Amino acid sequence: MPVGVIVDALAVVIGGVVGALVGKALKKDFIDNMNLVLGCCSMCMGVSTIVLMEHMPAVVFAIILGTGIGLAIHFGQLINKGGLAMQKGISRFVKTSSEVPQAEFQATLVTCITLFCASGTGIYGSIIAGMSSDHSVLIAKAILDLFTAVVFACTLGMVTAVVAVPQFIVFFILFLLAAPIYNGLDLGTNTYIINDFKACGGFIMLATGFRMCKIKMFPVADMIPAMVLIFPISIFWNNCVTPAVNALAGMVH
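In this text, residue positions in the sequence shown follow the working numbering: the first is 1, and each later residue adds one.
Possibly wrong hints are sitting among the right ones.
What the hints assert, rightly or not - Within a straight-line C-alpha distance of at most 25 Å, the following computed SDA-like cross-link-like pairs (lysine to any residue) qualify:
| # | residue 1 | residue 2 |
| --- | --- | --- |
| 1 | LYS214 | GLU54 |
| 2 | LYS216 | LEU206 |
| 3 | LYS27 | PHE172 |
| 4 | LYS24 | GLY76 |
| 5 | LYS81 | GLU54 |
| 6 | LYS214 | VAL17 |
| 7 | LYS216 | ILE14 |
| 8 | LYS214 | PRO57 |
| 9 | LYS216 | SER133 |
| 10 | LYS88 | GLY23 |
| 11 | LYS216 | ASP29 |
| 12 | LYS27 | LYS216 |
| 13 | LYS24 | VAL137 |
| 14 | LYS214 | VAL7 |
| 15 | LYS27 | PHE236 |
| 16 | LYS88 | ILE14 |
| 17 | LYS81 | LYS27 |
| 18 | LYS216 | PHE147 |
In short, the hints are calculated from the structure, not lab data.
From a predicted model like this one, the values you see are computed outputs, not experimental measurements.
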């Protein structure tokens, strides 16, 4: 039973609905300051997973290569178009925010989708829940997502709640694939893979936090392919590059 996946999705729905309903009653200073705090939380969660990485060059290479691929195929723009399509669909039934400039709306929507659907914590939590029935990671994420959805909904309106649909689909698929991934990569023994994976997600969460705080608009959506590339790169680095470097170092000494 994907308890954590369901709880996290419900948190986004509830937060999105509440934010859309009471958003106009909240002062701009309150929303801006809460956004800073939530961005700080995202950055801290990212840092806490980055320090777990075991192969720094592999993680850095995956981030750079993955982002390059994302930019080349305009992955961020595809996510943006998908988000705007959701916004248009829901606007037929519920009035969405029209006071926000289009550029700010799109930038906020991309940040929202990336944070809820592609965070390292959510992906890792879904896999862990499927492997060991430990839903604590996703439930912890749900607490952050609840309040984050309220803040996003003040800008995006009811479309924030709809983001829970692709979030649930992505996390549920990962939940179902957890056992094959665990057994196929032998993660019980090769713990370095999951640590490098979590670190890779941490970079994306850190970049997302910068976007939420409006410090720097990192292309977080385009960084998502790195979450897939880190698996083969980490394995290759551990099995090929590290032994070769150690052998070379032994020859030099």
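Here is what the structure says about each hint:
1. LYS214 with GLU54: Distance ~30 Å between LYS214 and GLU54 Cα, so the pair is violated.
2. LYS216 with LEU206: 11 Å, holds
3. LYS27 with PHE172: With Cα atoms ~36 Å apart, LYS27 and PHE172 exceed 25 Å; violated.
4. LYS24 with GLY76: 29 Å, violated
5. LYS81 with GLU54: 36 Å, violated
6. LYS214 with VAL17: 24 Å, holds
7. LYS216 with ILE14: Status violated; Cα separation ~29 Å.
8. LYS214 with PRO57: 28 Å, violated
9. LYS216 with SER133: 37 Å, violated
10. LYS88 with GLY23: Given that 25 Å is the threshold and the Cα spacing comes to 20 Å, the pair holds.
11. LYS216 with ASP29: Satisfied, since the Cα-Cα distance of roughly 20 Å is no more than 25 Å.
12. LYS27 with LYS216: 24 Å, holds
13. LYS24 with VAL137: 32 Å, violated
14. LYS214 with VAL7: Violated, at roughly 28 Å.
15. LYS27 with PHE236: Given pair LYS27, PHE236 is violated - Cα atoms ~51 Å apart, limit 25 Å.
16. LYS88 with ILE14: Roughly 20 Å separates the two Cα atoms, so the pair holds.
17. LYS81 with LYS27: Outside the cut-off at roughly 30 Å; violated.
18. LYS216 with PHE147: Status holds; Cα separation ~22 Å.
Comparing the model with each earlier hint shows violations of hints 1, 3, 4, 5, 7, 8, 9, 13, 14, 15, 17; every other hint is respected.
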